[in-house]
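Visitor: Sequence:
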Amino acid sequence: MTRLFLLAVLLAPLAPEAQTDRFVTDRFELGAAINASQPGDTVTMANGTWNSVPINFNRDGLPGDSITLRAETPGEVIMTGRSVLSIGGDYLKVDGLRFENGALPDGTPVVQFRQNSSDLANHSRLTNSAIIDYNPDNRNVEYKWVSIYGTHNRVDHSYLAGKTNGGTTLVVWLEPASRHEPTYHRIDHNHFGPRP
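1 is the number of the first residue of the sequence shown in the numbering used here; add one for each residue after it.
I should point out that these hints are in silico values taken from the structure, not numbers from a laboratory. Keep in mind it's a predicted model, so treat the numbers as computed, not measured. We treat Cβ as the ideally placed atom computed from N, Cα and C, and that holds for glycine. Treat each hint with caution, since some may be false.
DEER-style ranges, computed between Cβ atoms [to be verified]:
(1) Gly166 - Phe28: 30 to 36 Å
(2) Phe23 - Gly81: 20 to 26 Å
(3) Leu62 - Glu175: 20 to 26 Å
(4) Thr20 - Asn56: 17 to 23 Å
(5) Gln38 - Pro105: 35 to 41 Å
(6) Gly81 - Ala32: 19 to 25 Å
Can you build the whole structure from these sequences, using the hints too?
Guide: Following this line, the structure appears as structure tokens:
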């Protein structure tokens with residue numbers, strides 16, 4: 001009987017690893033939670049104003065098992081000051097952040113789908129988010145609000161309005177080696193509001 005029980009235990013399918021939801025309240029907890037995230041995990045940012053927080057979302061999820069960075073309540077996590085978001089991995093999802101009344105004087109995009117020039121995002125998504133009035137005092141500074149690199153990325157159900165300086169609101173960058181290859185990006189169900 002003991003041998004039968006042991007054989008049943010050994011042949012039983014392994015339970016999937018538990019997915020973790022890490023709730024964070026400041027930039028230090030945020031960085032640590034992102035660094036600890038595994039495929040299927042979620043990092044939830046507390047409602048409130050986050051001032052001048054650079055978010056480096058640079059992990060890799062798996063197909064069907066993305067890593068999610070989300071607002072506690074969509075639209076209630078307000079990124080301001082010099083806050084920026086770099087999505088630099090595969091199968092990542094950012095949901096519900098609101099960038100508002102900030103400014104990046106050096107021309108850095110507010111959101112970019114890359115960590116650096118060689119670490120591009122693929123199969124990643126920005127959804128249910130907003131960029132509103134994110135402008136430097138100097139209107140001659142040119143920068144993009146959203147720069148999409150890599151392949152198979154998506155920007156959807158988001159609101160972008162109030163850009164007053166030069167530069168494209170949202171741009172898809174093509175790598176020189178793949179200029180004639182499709183990137184399979186999706187830009188859908190967004191509202192591009194007034195651009196004074």
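Visitor: Confirm or reject each hint.
Guide: Evaluated hints:
1. Gly166 - Phe28: 30 to 36 Å: Taking Cβ atoms as reference, Gly166 and Phe28 lie about 35 Å apart, which means the hint holds.
2. Phe23 - Gly81: 20 to 26 Å: For Gly81 against Phe23, whose Cβ atoms are near 22 Å apart, the range 20 to 26 Å holds.
3. Leu62 - Glu175: 20 to 26 Å: Given about 24 Å between the Cβ atoms, the range holds.
4. Thr20 - Asn56: 17 to 23 Å: At roughly 19 Å between Cβ atoms, Asn56 and Thr20 fall inside 17 to 23 Å, so the hint holds.
5. Gln38 - Pro105: 35 to 41 Å: With Cβ atoms ~36 Å apart, the hint holds.
6. Gly81 - Ala32: 19 to 25 Å: Holds, at about 21 Å.
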